[in-house]
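Residue numbers (my numbering), protein chains in the order written: chain D, 12 to 332; chain E, 12 to 332; chain V, 12 to 332; chain W, 12 to 332; chain Z, 12 to 332; chain U, 12 to 332.
Derived by calculation from the structure, the hints in this document are not laboratory data.
Please note that the accuracy of each hint is not assured.
If several chains are the same, the list does not tell them apart, and a pair holds so long as it fits within one copy or across any two.
When the alpha-carbon atoms are kept at most 27 Å apart in a straight line, the in silico DSSO-like pairs for lysine-lysine are as follows [claimed, not checked]: (1) K19 <-> K59; (2) K42 <-> K13; (3) K99 <-> K52; (4) K39 <-> K16; (5) K33 <-> K19; (6) K42 <-> K31; (7) K33 <-> K133; (8) K74 <-> K19; (9) K320 <-> K59; (10) K23 <-> K146; (11) K23 <-> K149; (12) K33 <-> K23; (13) K320 <-> K133; (14) K320 <-> K154; (15) K162 <-> K320; (16) K52 <-> K39; (17) K298 <-> K74; (18) K298 <-> K320; (19) K42 <-> K23; (20) K19 <-> K154; (21) K13 <-> K162; (22) K59 <-> K23.
One letter stands for each residue in the lines below.
6 protein chains.
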Amino acid sequence: MKYIKDIKEGDKVSDIYMIKQKISATTKNGKPYDNLSLMDKTGEINAKVWEPNSPGIDDFDAKDYVEIFGETVSFNGALQINVRRARKASEGEYLPADYLPVSPYDPDRMYEELLAFVDSVKNPYLNRLLCALFKDDKDFIGKFRFSSAAKTMHHSFIGGLLQHTLAVTRICDFLASRYERLNRDLLITSALCHDIGKVRELSAYPDNDYTDEGNFLGHIVVGVDMISDLIHGRDGRTGIPDFPVVLENELKHCIVAHHGEFEYGSPKKPAIMEACALNFADNTDAKMQIFTELLDNEGDKTGWLGFKKMLDSNVTATRVE
Amino acid sequence: MKYIKDIKEGDKVSDIYMIKQKISATTKNGKPYDNLSLMDKTGEINAKVWEPNSPGIDDFDAKDYVEIFGETVSFNGALQINVRRARKASEGEYLPADYLPVSPYDPDRMYEELLAFVDSVKNPYLNRLLCALFKDDKDFIGKFRFSSAAKTMHHSFIGGLLQHTLAVTRICDFLASRYERLNRDLLITSALCHDIGKVRELSAYPDNDYTDEGNFLGHIVVGVDMISDLIHGRDGRTGIPDFPVVLENELKHCIVAHHGEFEYGSPKKPAIMEACALNFADNTDAKMQIFTELLDNEGDKTGWLGFKKMLDSNVTATRVE
Amino acid sequence: MKYIKDIKEGDKVSDIYMIKQKISATTKNGKPYDNLSLMDKTGEINAKVWEPNSPGIDDFDAKDYVEIFGETVSFNGALQINVRRARKASEGEYLPADYLPVSPYDPDRMYEELLAFVDSVKNPYLNRLLCALFKDDKDFIGKFRFSSAAKTMHHSFIGGLLQHTLAVTRICDFLASRYERLNRDLLITSALCHDIGKVRELSAYPDNDYTDEGNFLGHIVVGVDMISDLIHGRDGRTGIPDFPVVLENELKHCIVAHHGEFEYGSPKKPAIMEACALNFADNTDAKMQIFTELLDNEGDKTGWLGFKKMLDSNVTATRVE
Amino acid sequence: MKYIKDIKEGDKVSDIYMIKQKISATTKNGKPYDNLSLMDKTGEINAKVWEPNSPGIDDFDAKDYVEIFGETVSFNGALQINVRRARKASEGEYLPADYLPVSPYDPDRMYEELLAFVDSVKNPYLNRLLCALFKDDKDFIGKFRFSSAAKTMHHSFIGGLLQHTLAVTRICDFLASRYERLNRDLLITSALCHDIGKVRELSAYPDNDYTDEGNFLGHIVVGVDMISDLIHGRDGRTGIPDFPVVLENELKHCIVAHHGEFEYGSPKKPAIMEACALNFADNTDAKMQIFTELLDNEGDKTGWLGFKKMLDSNVTATRVE
Amino acid sequence: MKYIKDIKEGDKVSDIYMIKQKISATTKNGKPYDNLSLMDKTGEINAKVWEPNSPGIDDFDAKDYVEIFGETVSFNGALQINVRRARKASEGEYLPADYLPVSPYDPDRMYEELLAFVDSVKNPYLNRLLCALFKDDKDFIGKFRFSSAAKTMHHSFIGGLLQHTLAVTRICDFLASRYERLNRDLLITSALCHDIGKVRELSAYPDNDYTDEGNFLGHIVVGVDMISDLIHGRDGRTGIPDFPVVLENELKHCIVAHHGEFEYGSPKKPAIMEACALNFADNTDAKMQIFTELLDNEGDKTGWLGFKKMLDSNVTATRVE
Amino acid sequence: MKYIKDIKEGDKVSDIYMIKQKISATTKNGKPYDNLSLMDKTGEINAKVWEPNSPGIDDFDAKDYVEIFGETVSFNGALQINVRRARKASEGEYLPADYLPVSPYDPDRMYEELLAFVDSVKNPYLNRLLCALFKDDKDFIGKFRFSSAAKTMHHSFIGGLLQHTLAVTRICDFLASRYERLNRDLLITSALCHDIGKVRELSAYPDNDYTDEGNFLGHIVVGVDMISDLIHGRDGRTGIPDFPVVLENELKHCIVAHHGEFEYGSPKKPAIMEACALNFADNTDAKMQIFTELLDNEGDKTGWLGFKKMLDSNVTATRVE
């Protein structure tokens, strides 16, 4: 299949793509046409169906998989496919994994490892909180496993939030084993919960865009709100009785401070050692992943890749074998 | 009465002060003594009772008003009163207002004006939320009226939070009358609620210091949590049914963004016009109050007052009549 | 009429536009042609007259209103109209207000309100200064009413300077009524004069661009210079005798410091309360106007509008009714 | 003579000092006493005359030179001389140069060199402006030669403004000889005038402190005002007829921009090459002088001198011979 | 023994301290005296021997251990011991570890672990470089094991450089096991070498202060120079033949960039993934250690410890058990 | 000849250009073609030879001078020449100076002046170091004279490094004559050596791009390494015996600190007066040159040139004659 990122001006297209969006419109001359956004795991491209009701054009909707026949032209500086034929594809004709970006790691095995971390937390209140979230809340679990960790920066694929959460927790687990003043239970719980607000900050795939709540409040404030819900209940549901006040403050603080700096949206700077450790673990995994994705994408390029804003540096692949 | 800020090395003292703190200790030679923190509305001073069980020393505790007889000495660069006699004073011998800083404005009239603003909010959800807080929640109302608006910066006196909230709301009311795109109900509600988290961020007088929750989370995150409680209930209590989701996000956003900049602890920058207006109103009242308190304190000084960090400038009183 | 902002590649054009600029040039092949800049209140567009001396092309000059017939093509990534016919229009055929952006408020009523503020200033020196400027100096008054408040940021339309000055003065008037330490006369005078330098910083419409003096010195330094002229006279004219030195310094300081921060071009930070209040009033009106213009322009868009540099935030319209 | 900077707790004092300030006051017990500020070129010290009307205490006033007999004590952490006897000294008993800091260079020779630079400016308008200032304005010349270039930073001694102005002009002269695009007349004139506002920003010795105008406007805005006065006259006096407008803007711009950065109080950044060159020349001389004064003051110290804020670095003397 | 940090005004002293410095001087009255700096692992204190040649005062020099008898007074705001008797102590009377701060971990076991990391590096060039440094260069090994990792910030004790280097290497080892794109050999080598320049940046104990080279160049530049020496030889000695050029650049780059930001003295930002990982590992261990030392020092304090510059936050101990 | 910067869409081309790069490739249809990068001193342009083996296409390689016949088209927003004929030109048909940017000054005369500075250094160690570099090291001299001083910022032409080094040295020479505390020998040596690392940071023309070493380490670290080589020898060569340690540190420090600020890549801030002077001299010449190149390039433009990032300002040519 020809991936969207490889389509160039002049290319003929005859492949199955996912319909991300379909809007019916009218030309200046009053003729109806359809404005499509086609998607695969490598990107998106605009397409126009100028004769929507002609024989070669099947009925289809957003989220359908459709075989598109057409030519790629350049219009106002952007590529656009003029669609001559559009055939709705049946399941089996395509691999869903080709159409939405997914984590390279197996989600079940990752979640299993995450649950092992949950079980390793001895503090009864923290353990109960983690179980309420990661074992009992099916709706949350579904979103958490399906969500990316970001719209674009890093881990922006299905399973990305799970993969990132797990990686951060592993680093925290290592640090807890090396620095005896760290309280492992608090640190592991904070690591597991640090980005839970992202299930409400980002909409589900194929959108994967900032929600209203994400734009207005951000995943840090939302995450703290979710912890409040778990501990105190909400809309009449029960919470976790007798959850110690200091512990609630410490856990929320770790979430509040996990970006480490005001300018990255943390309203408080790390005040306890676990918050500080979590900030480094989060940042380390993010940067390691950015490097990994960048170098994966650049393929066989061996030279300098130019200034990369997310790394604030001109970077290159390491060449020593 | 001799105010604490006027006590100098060598002064004899014979006045009634409030006991902020009393700690019993032992000298290196094993002799018991009492370490006191005396307080009035102008400041605090350390005092030592070297003969705690002698006849001239009454029994008393923190928060008592006590007539202190002693001499002021300088020890390790700080003033300290050596107490010879200490007599517990009776109500009527002292004016409580001399011992804790209070707003120069009448709290009842201020609260009346605040309630008039509450009543002026037409949106039924916002009105209900405001009533639940400012009319029905006696515990909150008591704390809100008694609290300062800050530990030291400005409005750091009893009634300060009420005075500041009211002043910010007035400016917002004016702006709503001048800029038609502003939604008055949302803006007035945001103004009234913008600092409610301070009742949990700061401990009650005479302490008036950051609480654990204040240090760990700050009044912005706490304020959002209080709005969640009001709307959704908590620990089994009811909230406000059918509160519109968008409105909840917008109101919380105004609180989240009211400091205007990441570096001042707002995890989001103002995204709607009301959040922007609230930020300016809050900042304007803060700076006007800082100037007012500063010039009040400097009394009859007419020259330049030197660099003031809170105003980031070398300032002076205006001289034009 | 078809507004310039709505013209797209391929559109046929047959409407009256203002000629902002007309330059005669020669093609590589030695053929003469005219290079035009067409303007209406919504923007500008390039146009080429390839046969300048042909029958269908009237004689016309910059600032004329001309009916243009032609086609819109894209050249080097920008739109350009190839003009086939150009007919000079007569007065009455067009509405001047369609061709230059103007304030939505009536200039006479705004100026009336401004003069009422002038009359409300009791200090005889400040009042005399304001009268000399806003009542007696016809040349200044003409420029002041016709000028925008900025090239692009906000209030960039005819009457913008008047509208902004009035709005800032209103806020200052409100603040003077609420904070008793503010000297109303000084504050109102400063508000009325804070941007007078803009009549020299920006050229008149249809240019509305930075002048030499604007680029070299900026409206703050120019504004202080204008105050010096008014008080001390210049080039042999009289000024205002016995104007108090301290008052001159305070007034100039308010102008000097009204941007509030060094990085915004204020060589001094606010040192008196009136300078501080003016800075907030100026900033508040600027931001309220930016929001207003932005939301007006976005029309019926209901989603997030993306990061807006002037507001340093991703913004959206408020949705609560 | 014992310099003030060398006086230590416990020292007996019997030397002539200049009286910077003399304030009569009353002790808590109602006894009159005199509060003095003694000064020499190395610093200031507080002194108290507890028996002002006793036989050993002569009559004297601020700016008198007085022989002081007394002991040095420490009070509230600061040194203070208890004066037993005070004898007004006659001219001839002391060297004025010991009491006010002065430039190590001869003022007449420096001024001569400065005038040679004035004469080297060929542009008739600039030359006329320089002559009006540096040759004809006796009041200005007196202040200019007597003024320091700063309260504390560098060149804070009598003649400092002249010395700094000359040094900056020399560097500019050199740069004009090396970079042919620099306009020498404009650059030399800008260099000579860049700090003229300091004669109004700083009060005369022995005060040498910021004036009202200095605090409110600063020497940049004042300097531009002085240029306006010279070119356009003021209060009815004549200026320089036909001074080219562009040249006026360029010259003022060089003054406006000579601090180079907004954060250093320049409301505009250098826009022409001469403004850029002037900024570097000014900065270079300032830093060379700071190093020179620092190393002069540290005397024979050979190690690292610690972090110096004005140089933003930990510095040391160069050791290579 | 009474530790120096516990000595207070008025305390009598009779313990053995190390002499850090001894300077013979003369009082104003011409009397000789000795000015001492006493030291133990908790700090330093000044001491004066007013009768250096009296019977009770033994002969001793800097770095000797001496039993001091005297009283502690406060002079000019600092503590000072007036020494009545001073007896040179013999080995065996004191524990050297009481006088210089040392790592709480066993140096031999730490070095053993470090050597295991050396052996784990498979790349022959990197392995040879590490062996040349950590196995063959006895002078370097002695300094490396004895050095602190900083003058004051963290790990400022004997063995601190070894402890920090090992901790950073462990984190890097963990990261190399988790992120497959990391080249373990390069990362481990960089971790082991990242701070080797500190053996020349800091002088040996008891000084532990910045050397000339440290102040002028810093440990980053010095570290790169040491790598050059190892690879290319110096002053006629041999290096490591055929060391690959790219590998030399990558290794040096990791050292150059390990502070991560220009403002922390790295002239380049991390350009390869290993440099990025090293930066995080270095920073994480530094912050974990700062927290550990801070909380160790604060002992049983349970409240908020105030703003700590090194952590840029108000911090507290974690309370959850 | 038609310079590359003047070529526009639609232009026919028939001139000699240098081949910077030649890559043989294959179209999607399997047809071979050549992808060229043509270069002259004004820029680069892409060219395609669609029929590489046709009669009109000579054999040629990178760095050849070739007469190109073809048409200029626009493809994907960039210009591209479709080459119909390509004839390899013979020496004499073209002026090499038209194809690579060169300094406007004579390299031999510049180098002569540089050597005079070398000879003026009296300190035997510094003199010996300079001779070893600028007189004896033929390989270095060749690179130094041929190198630019930057890839793009300023002096980015052959001879640029020599021209810049000389200009900086001249300013330093002037400063040494004016500020007596400056050590001339150290300052002149530092000036001559401050950018020597650029011969390894940048590749030779026609590339003139950052090398691996330049990207990984930068010319500051490389320059210090080169000084180490000169003093201590390397790879078995001799150095300069008995070079004083302090002098080595001071010289290296001047190189290390010559960018003046951490954010510009200096790992240390100027700690001695010579380092400070060098920083200003370097910066002054850079900015003077940027202005000169900018104004040269803008030719006869008289207005404002817009915001220029390298000068951080909107700039214009000076107009006073």
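Hints and how they fare:
For a Cα distance limit of 27 Å, the shortest separation of K19 from K59 qualifies both inside one copy, at 16 Å, and across copies, at 18 Å. With identical chains, the CA atoms of K42 and K13 are at most 27 Å apart between copies only, with a shortest distance of 21 Å across copies and 31 Å within one. In this assembly of identical chains, K99 and K52 lie within 27 Å of each other by CA distance solely inside one copy; the values are 19 Å within and 48 Å between copies. Proximity of K39 to K16 under the C-alpha cut-off of 27 Å is restricted to the inter-copy arrangement: shortest distance 16 Å between copies versus 31 Å within a copy.
Taking the shortest Cα distances, K33 and K19 sit within 27 Å of each other both inside one copy (22 Å) and across copies (23 Å). Taking the shortest Cα distances, K42 and K31 sit within 27 Å of each other inside one copy (23 Å), while across copies they are farther apart (37 Å). Taking the shortest alpha-carbon separations for K33 and K133, neither the intra-copy value of 51 Å nor the inter-copy value of 40 Å comes in at or below 27 Å. In this assembly of identical chains, the alpha carbons of K74 and K19 lie at most 27 Å apart only when taken from the same copy (24 Å versus 32 Å across copies).
In the homo-oligomer, the alpha carbons of K320 and K59 never lie at most 27 Å apart, since the shortest distance is 34 Å inside one protomer and 33 Å across protomers. Proximity of K23 and K146 under a CA criterion of 27 Å is satisfied in neither setting, with 49 Å inside one chain copy and 64 Å between copies. Taking CA atoms no more than 27 Å apart as the test, K23 paired with K149 passes in neither setting, with 44 Å inside one copy and 59 Å between copies. In the homo-oligomer, the alpha carbons of K33 and K23 lie at most 27 Å apart inside one protomer (21 Å), although the nearest pairing across protomers, at 29 Å, exceeds that limit.
Taking the closest pair of Cα atoms, K320 and K133 never come within 27 Å of each other, the shortest separation being 41 Å inside a single copy and 34 Å across copies. Neither within a single protomer nor between protomers do K320 and K154 lie at most 27 Å apart by alpha-carbon distance, with minima of 29 Å and 33 Å respectively. With identical chains, the CA atoms of K162 and K320 are at most 27 Å apart both within one copy (16 Å) and between copies (21 Å). Within a single copy, K52 and K39 get their C-alpha atoms only as close as 34 Å, which misses the 27 Å cut-off; across copies the closest is 24 Å, which meets it.
With identical chains, the CA atoms of K298 and K74 are never at most 27 Å apart, being 33 Å at best within one copy and 41 Å at best between copies. For the homomeric pair K298 and K320, the shortest alpha-carbon distances inside one copy (12 Å) and between copies (26 Å) are both at most 27 Å. Within a single copy, K42 and K23 get their C-alpha atoms as close as 25 Å, and across copies as close as 18 Å, so both meet the 27 Å cut-off. Taking the closest pair of Cα atoms, K19 and K154 never come within 27 Å of each other, the shortest separation being 35 Å inside a single copy and 43 Å across copies.
Taking the shortest Cα distances, K13 and K162 sit within 27 Å of each other inside one copy (24 Å), while across copies they are farther apart (39 Å). Taking identical chains as interchangeable, the C-alpha atoms of K59 and K23 lie at most 27 Å apart whether they share a chain (14 Å) or sit on different chains (23 Å).
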